[in-house]
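Student: Its first residue numbered 1, the sequence shown is counted upward by one per residue in the working numbering.
Quick caveat, the hints were computed from the structure, so don't treat them as lab data. A portion of the hints provided could be inaccurate.
Between beta-carbon pairs, the in silico distance windows are [said to hold, decoys possible]:
1) Asn137 <-> Gln227: 45 to 53 Å
2) Thr93 <-> Phe127: 51 to 59 Å
3) Arg173 <-> Gln139: 18 to 26 Å
4) Asp160 <-> Phe127: 21 to 29 Å
5) Gly252 <-> Lys132: 16 to 24 Å
6) Ser256 <-> Thr198: 43 to 51 Å
7) Glu104 <-> Pro185: 42 to 50 Å
8) Asn148 <-> Asp121: 30 to 38 Å
9) Asn137 <-> Glu218: 37 to 45 Å
10) Lys132 <-> Asp234: 25 to 33 Å
Taking lysine to any residue pairs in the SDA-like style, the calculated list, with each CA pair at most 25 Å apart, reads [stated by the list, open to error]:
11) Lys168 <-> Tyr250
12) Lys168 <-> Asn238
13) Lys168 <-> Pro108
14) Lys168 <-> Glu218
15) Lys168 <-> Arg228
16) Lys168 <-> Gly199
17) Lys168 <-> Thr198
18) Lys168 <-> Val183
19) Lys168 <-> Glu138
Where is the CB? At the ideal position from N, CA and C, for every residue including glycine.
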Amino acid sequence: MISIGLHGVLLAWPMPESSPEAPESLPEATEPTAVGVLRLPLAAEPAAETFAAAPVPQPPQAPAPKEPPAVRAAPPVSPPPVTVPEAKPAEATPPAPSADVALEPVPPEPLPATLDARLRDPEQYQFNALAKSLTSNEQSFYFNELSNWLDEASQGLSSDEIPELGGKLAPIRVTYPITTCLVPPPAEGVVVVIVGPTGELVENPELLDSTGYTVLDEKALELVSQQRFEPQTDPRPNPRAHWLPVQVEYDGANCSR
């Protein structure tokens with residue numbers, strides 16, 4: 001439309017006449033000539049076509065999920081009852097006895113029977129089968145049994161301490177205090193002693209031959225340890241080894257079975 005209007009203006013505008021002759025020089029203008037300008041009215045601009053934006057196609061919506069059918073909740077299951085064992089009542093502690101209550105004294109342990117009490121007990125006389133009857137042959141006993149014992153007793157002693165062989169002393173008599181018969185009857189035992197120059201015992205008495213009953217042997221050793229011995233007259237310092245027969249005062253003719 002604008003283009004059509006402009007073409008109309010140009011056609012209406014007066015065009016100068018064309019002449020083949022050279023144009024005459026124009027007189028020098030003294031005053032500026034006013035040129036009239038035709039102001040054409042502006043054509044109204046066509047209204048811009050309004051294009052409605054095509055709506056963007058939306059993706060098909062997934063159908064809304066159906067609500068699951070209501071499930072009736074099962075009632076809560078109660079746990080089985082816990083059985084708590086009944087606590088046993090604590091046993092009452094007996095009250096401590098007061099200081100005023102007299103406690104019974106604890107009986108003392110029985111003392112071991114003395115040797116003399118054992119001698120009166122028939123159960124103590126059990127034959128030990130140790131009797132050798134060494135004195136049945138005194139010569140053999142003196143040169144064999146007694147000499148061998150003396151050699152063993154002298155081991156590790158100095159020359160002044162080695163005992164010299166002495167002699168036979170008076171027998172030790174052991175009383176049998178009960179009337180029960182002993183089978184076999186007691187035999188004659190032997191006790192050896194080592195006596196110093198002044199009559200003292202250098203060593204404890206030793207049993208060299210048994211009576212056949214241990215309780216009688218123990219009594220013989222006790223009696224010898226209590227015995228006093230004569231001092232020696234020999235000027236040498238060596239002790240003397242003596243032996244004593246052990247004789248049990250046993251009356252086999254009057255014993256009771």
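Student: For every hint, state whether the structure bears it out.
Tutor: Okay, the hints, checked on the actual structure:
| no. | hint | verdict |
| --- | --- | --- |
| 1 | Asn137 <-> Gln227: 45 to 53 Å | violated, 26 Å |
| 2 | Thr93 <-> Phe127: 51 to 59 Å | holds, 58 Å |
| 3 | Arg173 <-> Gln139: 18 to 26 Å | holds, 24 Å |
| 4 | Asp160 <-> Phe127: 21 to 29 Å | violated, 43 Å |
| 5 | Gly252 <-> Lys132: 16 to 24 Å | holds, 21 Å |
| 6 | Ser256 <-> Thr198: 43 to 51 Å | holds, 47 Å |
| 7 | Glu104 <-> Pro185: 42 to 50 Å | holds, 49 Å |
| 8 | Asn148 <-> Asp121: 30 to 38 Å | holds, 35 Å |
| 9 | Asn137 <-> Glu218: 37 to 45 Å | violated, 26 Å |
| 10 | Lys132 <-> Asp234: 25 to 33 Å | holds, 31 Å |
| 11 | Lys168 <-> Tyr250 | holds, 23 Å |
| 12 | Lys168 <-> Asn238 | holds, 18 Å |
| 13 | Lys168 <-> Pro108 | violated, 46 Å |
| 14 | Lys168 <-> Glu218 | holds, 20 Å |
| 15 | Lys168 <-> Arg228 | holds, 15 Å |
| 16 | Lys168 <-> Gly199 | holds, 15 Å |
| 17 | Lys168 <-> Thr198 | holds, 18 Å |
| 18 | Lys168 <-> Val183 | violated, 29 Å |
| 19 | Lys168 <-> Glu138 | holds, 10 Å |
The structure does not agree with the numbered hints 1, 4, 9, 13, 18 stated previously, though it agrees with the rest.
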